[in-house]
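Number of protein chains: 2
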Amino acid sequence: MKSYVSIGLLGLGTVGSGVVQLIQNHQEELQHQVGCEVRVKSILVRNTDKERDIQIGQTFLTSNPDDILQDPDIDLVVEVIGGIEEAREHMIKAIQSGKHVVTANKDLIALHGPELLEAAAQNQVDLFYEASVGGGIPILRGLSEGLVSDRLKKVMGIVNGTTNYILTKMDEEGQSYEAALKKAQELGFAEADPTADVEGLDAARKMAILARLAFSTNVSLDDVEVEGISNLSLQDLHYGQKLGYTMKLIGIAQLDDQKVEVSVQPTFLATSHPLASVKNEYNAIYVKGEAVGETMFYGPGAGSLPTATAVMADVVAVIRNMRLGVNGKTVVAPRFKSVLKSPQERYGQFYFRLHLADEVGAFSKITGLFNELGISFEKILQTPLNKGELAEIIIVTHTVSLENFQEALMKLRDLPVVKDVISYYRVEGNGAK
Amino acid sequence: MKSYVSIGLLGLGTVGSGVVQLIQNHQEELQHQVGCEVRVKSILVRNTDKERDIQIGQTFLTSNPDDILQDPDIDLVVEVIGGIEEAREHMIKAIQSGKHVVTANKDLIALHGPELLEAAAQNQVDLFYEASVGGGIPILRGLSEGLVSDRLKKVMGIVNGTTNYILTKMDEEGQSYEAALKKAQELGFAEADPTADVEGLDAARKMAILARLAFSTNVSLDDVEVEGISNLSLQDLHYGQKLGYTMKLIGIAQLDDQKVEVSVQPTFLATSHPLASVKNEYNAIYVKGEAVGETMFYGPGAGSLPTATAVMADVVAVIRNMRLGVNGKTVVAPRFKSVLKSPQERYGQFYFRLHLADEVGAFSKITGLFNELGISFEKILQTPLNKGELAEIIIVTHTVSLENFQEALMKLRDLPVVKDVISYYRVEGNGAK
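Protein chains in written order, with the UniProt record's numbering: chain X, 1 to 433; chain E, 1 to 433.
Treat the hints with care, since some could be wrong.
[Unchecked claim] Ranges between beta-carbon positions, derived for each pair: (1) E:406 <-> X:380: 55 to 61 Å; (2) X:377 <-> E:174: 52 to 58 Å; (3) E:183 <-> X:153: 41 to 47 Å; (4) E:347 <-> X:54: 29 to 35 Å; (5) X:344 <-> E:37: 34 to 40 Å; (6) E:376 <-> X:386: 50 to 56 Å; (7) E:347 <-> X:174: 52 to 58 Å; (8) X:24 <-> E:36: 22 to 28 Å; (9) E:183 <-> X:257: 33 to 39 Å.
[Claimed, not checked] To give a feel for the contact side, a few chain E residues facing chain X, derived at Cβ under 8 Å: (10) 33; (11) 37; (12) 145; (13) 148; (14) 270; (15) 274; (16) 291; (17) 295; (18) 309; (19) 331; (20) 335.
Just so you know, the hints here were simulated from the structure itself, not pulled from any lab data. Quick reminder that beta carbons are idealized off the backbone N, C-alpha and C, glycines included.
Same shape as in the complex, but just chain X (with noise of 0.2 Å):
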């Protein structure tokens, strides 16, 4: 065996930087941790010419791919070019030149993340991507080691910093929307087209990996229902914080009678919840188990350096597992096909807002409506508008079918006495301790 192990880094942007940098700064502790030396061998960049603000030599750096897929001293592919198609190509020809794969590109492992792992196995080689989901949080390892003998039910996370800081802006400063997302482009937390984060489809790829580690089925990113943060109002916010809550960009992934839900959506979390407390760009996943119960893991959901310490978490996992002859050998396949739960099986409780006219009787239509159903009110908040003759109602319901309050809101539409329904969001983490 050599005595050093070479990694080929695909991309030097802002992670590849950041890895670079750890495995420059903790060389000593890296050898410590697996008994040899850990050398960057070639780097793939666009352009070799560019400034860089990392202290690289130029001999490092190559725009050929094939300097690092075709180099048989090159034990150990980084890929953190991100994007789809490109990122897939150079790993299906590493993973085929039995080259051990770690990336930290979330969109291409949900997207193709079971059939890049089956090509690992058949190919006897590791593909890690623990920097995949939530930055520096070794989230990935905690549901496949630490909670694995645990049957889990249900994982809540906020998984997207740029949203949550969006968020927490709006909520503790009472900012707007658009002044809130243009602070979080030029403090660099949002990208100038911020559509991904915003819209909730960064979070939902992450909640797609999650789910399948979760649960062990093989969950699909199209079986994520997404539903971003840019139609929020303050308004909605400000009632939200009266009654005990703060919205959050939430991904849920729940299992109950082996079927399952995965979304993600702006929520009212109860302010006791440990969630709720997960503050600006910061990332937290909230794992309830069977047996466990509920635990919590929080971090940096991005950043250079934090996300480099998992994509060097699983540069230690490959390398302890080629000195122990064990790669490919670690991984376990899904043991379920995914089912999703109808909109029967799913159960919540909601916020919701209208606009009533202000007349005797007017509410105890609404109240007649919900009892009808076998919906019950949890809390209810009534304001008199200036808007001439109508009072605007706020009502949070217990525990009810999708189904059930999504027919309560088509027939609410329907009563004379409503003049409009507002904005209804999922409610979570009531009886929280």
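Given the structure of chain X, go ahead and fit chain E onto it with the hints provided.
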């Protein structure tokens, strides 16, 4: 290879019963994860005739440890009897007969962990102890795998559920220490003799274990400074709240310039710190790394099934290692001999409360003294007392060396205007997001 793995269980108390339940109820999941059947073959109990809550055939029980330790069909011993000497003897015997060991015994690991781990390595067996710290929270794997590539600087833990429950009741409901302790005893969160919990000894054991893994050093239990919560007054908690702090029993392990400090003491935490919202019997471990920044692991720190999930995570790891043929090869020995910091090398912020003669110029004598010693104040609270001519002053210092602060306390007591130094506590988490 056998088509099953046989476990011998030492002890059938709270955690042992949880382990049996998990193995019974999650057998299919376990088989999927490890690829073979997982059997409990024999259980060591003091009294085989005792009535038990758990359903287990009489034939599984034995009061003779050799029925387990000498049985060649038993691959893995799970030690959950607790205590030191007996557990240690059994464990050594198991290791010497080539059996892997999983333990939840923090006392034993804190005291004899290094020598037991060495014995395990020599005999090429695994010795895992995830359940010894933080109950169901997979914190040891978090440190030794998830954050393995980082250089960790600080670990702060709420690692004792009993004291956290008591402090939550005191802080939120204004209960006295005695009343809160009584309530904790009624609920089964505190033992009849609560000394080990309330005096911080239990937390100290866990902090020794955490410090070893976080800093790759051989910290011993004697290196841990300990102060409990039995002398806390509600008055200080109340002043702390006014200043934006929550009182917690915090274990702190910190590394600077390759020197460590490990301590457990009642500490005022800024309410914005992630640990401040950890309530009741819950535990959490906050980890700060050079690269990753701030992370936190939260969950149930005790209890039958939660702790059993941690035990079973270790069992799964042992069996996976067995099937890969790599037992006894996955543990990394500490890299450093631990060197403790001197009081000059230990820095922190401090809260202190004193009674001052209510006369002109008294306060300026205090500020003068601190000015001379180069200690500045972050917060000051002054309240007139109804005890004749006294004023009560609460001061929070900026960061200062422990030596400097201790000198200040001594000199304070010598000032004629200072009638009494009532209390002082460490302050942490200022500047947390």
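| Unsatisfied constraints (hint numbers, rising) | 2, 3, 7, 8, 11, 14, 19
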